[in-house]
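J.: Take a look at the letters that make up each chain.
There are 4 protein chains.
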Amino acid sequence: MFVTETHIRVRYAETDQMNVVYYGNYAQYFEVARAESIRNLGFTYKEMEELGVIMPVVEMQTKFLRPAHYDDLLNIKTFLKELPADHRIVFEHEVYNQQKKLLTLGKVILYFVKIGSYEKTQMPEALRSVLQTFFP
Amino acid sequence: MFVTETHIRVRYAETDQMNVVYYGNYAQYFEVARAESIRNLGFTYKEMEELGVIMPVVEMQTKFLRPAHYDDLLNIKTFLKELPADHRIVFEHEVYNQQKKLLTLGKVILYFVKIGSYEKTQMPEALRSVLQTFFP
Amino acid sequence: MFVTETHIRVRYAETDQMNVVYYGNYAQYFEVARAESIRNLGFTYKEMEELGVIMPVVEMQTKFLRPAHYDDLLNIKTFLKELPADHRIVFEHEVYNQQKKLLTLGKVILYFVKIGSYEKTQMPEALRSVLQTFFP
Amino acid sequence: MFVTETHIRVRYAETDQMNVVYYGNYAQYFEVARAESIRNLGFTYKEMEELGVIMPVVEMQTKFLRPAHYDDLLNIKTFLKELPADHRIVFEHEVYNQQKKLLTLGKVILYFVKIGSYEKTQMPEALRSVLQTFFP
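Residue numbers (this note's numbering), protein chains in the order written: chain A, 1 to 136; chain B, 137 to 272; chain C, 273 to 408; chain D, 409 to 544.
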């Protein structure tokens with residue numbers, strides 16, 4: 001399993017008049033956490049796009065247990081529980097606040113596809129080689 | 137069953153560099169569709185908040201089948217398949233583009249809670265009375 | 273002068289915990305109003321991009337006089353006071369709420385540039401021909 | 409003069425189909441930079457709201473010189489050039505990318521007002537006392 005932690009400070013823009021983070025903004029937090037997860041492997045999502053591979057999201061599931069508030073310093077734990085065997089990759093997320101309360105659960109499924117044609121493809125070798133050391 | 141249709145024009149701000157609507161923006165589309173669904177019943181979500189009842193989202197599931205593009209005039213079909221029996225309400229959504237292609241499936245679960253205390257409550261009577269005519 | 277009016281309903285996502293529309297969201301409202309202004313001329317911004325011309329914003333000025341609130345049905349008046357003589361176009365905006373109170377003033381300056389090269393260019397002839405009838 | 413630097417990584421969500429950061433998102437960057445600027449003084453904007461003082465934006469001016477791109481690590485320089493004498497405070501911003509190119513200029517004017525009544529007020533003493541050491 002490959003696990004990373006990413007910290008995100010809640011912006012005022014991300015709150016709504018219920019005084020909490022708007023439910024739609026967690027998708028951005030998950031995106032940032034995925035990108036930082038990949039960066040921790042010495043690779044970047046940006047480099048993947050430059051190699052001609054993009055990762056559209058095909059499915060997302062979120063459970064909102066407790067609200068996040070303005071200026072909270074969130075800790076997003078990101079789990080890659082299985083090494084992708086084909087064009088599909090699954091990230092799971094747990095969002096905690098600074099009191100270590102679990103706020104949100106997320107699961108995001110993405111495909112590796114070729115830029116332009118949207119043809120399904122595999123995870124780039126440069127990423128797989130570093131990632132598989134976590135799946136002995 | 138209670139079904140409504142809401143049309144939303146895709147904004148430039150809602151696209152990303154993949155030339156499609158960013159996956160996180162569908163939560164906003166579902167929010168607008170829910171609000172218009174309630175408005176069609178002669179009630180508004182704003183009035184509900186003024187009555188002291190807010191509706192936080194507790195769960196969301198989304199499947200992204202095909203991308204939406206800038207300036208697309210989306211049709212969001214919103215389904216309320218069951219009359220809420222307690223504090224829980226489930227909206228289902230189908231997003232179509234102007235070529236009537238199904239782009240996205242969404243399911244959003246919300247609670248009725250009292251403003252301030254966040255105590256679970258029931259759907260306001262003013263809304264229930266008009267809604268139950270759709271569930272004979 | 274060319275003037276149009278565009279109506280936008282405030283989304284919950286666009287509010288913040290000050291119970292008003294977040295100041296950063298007016299840029300989106302101005303974008304929608306510009307796009308609808310061009311659509312009223314029988315042309316679309318999308319078609320302009322397909323012709324190889326994009327319109328990056330180079331300057332924006334905004335004055336926030338009164339707040340907009342959730343569910344307000346805003347009326348955005350968009351003014352094109354001069355026919356562009358070169359690569360530069362200036363849109364001015366006034367945002368009113370349903371009580372006809374003036375909430376916000378905006379001025380957005382954009383360039384016509386060629387997609388890819390970012391070379392300055394002129395307004396496409398298809399747009400100029402319909403627009404100049406408003407500047408006799 | 410009081411100057412701070414804040415680093416922000418560009419999110420995918422913040423790009424648009426022009427492959428650059430959408431012009432409306434700079435308002436969020438300025439907000440984060442203001443908040444971090446105040447935090448550097450040992451105070452937080454959140455604490456100010458808890459003291460009953462909020463800071464609505466009344467005016468914003470932005471010049472977009474060069475585009476920011478996905479994954480850029482922006483450096484937002486924030487300048488407070490004058491100690492506020494009344495209810496008005498002016499922040500100026502310069503946004504640089506990692507190549508130290510100046511991308512954007514911003515000026516944001518805010519008021520100190522009492523929460524609830526929106527009555528104009530002064531900068532809280534707790535903030536003024538630390539800030540005035542920068543204006544000898």
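Keep in mind the hints are simulated off the structure, nothing from the lab.
Computed from a prediction, not measured in an experiment: that's the story for all the values here.
We treat Cβ as the ideally placed atom computed from N, Cα and C, and that holds for glycine.
Some clues are possibly wrong.
Simulated DEER-style distance windows between Cβ atoms [stated by the list, open to error]:
1. B:192 to A:7: 45 to 55 Å
2. A:66 to C:337: 29 to 39 Å
3. C:349 to A:1: 51 to 61 Å
4. B:143 to A:44: 51 to 61 Å
5. C:373 to D:477: 19 to 29 Å
6. D:525 to B:143: 53 to 63 Å
J.: Hint by hint, say whether it matches the structure.
T.: Consistency of the hints with the structure:
1. Against the hinted window of 45 to 55 Å, the Cβ-Cβ separation of residue 192 of chain B and residue 7 of chain A comes to about 24 Å, which falls outside the hint.
2. Range check, residue 66 of chain A to residue 337 of chain C: about 37 Å between beta-carbon atoms, so the 29 to 39 Å window is met.
3. Against the hinted window of 51 to 61 Å, the Cβ-Cβ separation of residue 349 of chain C and residue 1 of chain A comes to about 56 Å, which satisfies the hint.
4. Evaluation of the 51 to 61 Å hint for residue 143 of chain B and residue 44 of chain A yields a failure: the beta carbon distance comes to about 38 Å.
5. Between residue 373 of chain C and residue 477 of chain D the beta carbon distance is about 39 Å. The supplied range of 19 to 29 Å is therefore violated.
6. Residue 525 of chain D and residue 143 of chain B have their C-beta atoms about 40 Å apart, which leaves the hinted 53 to 63 Å range violated.
Of the numbered hints listed earlier, those contradicted by the structure are 1, 4, 5, 6.
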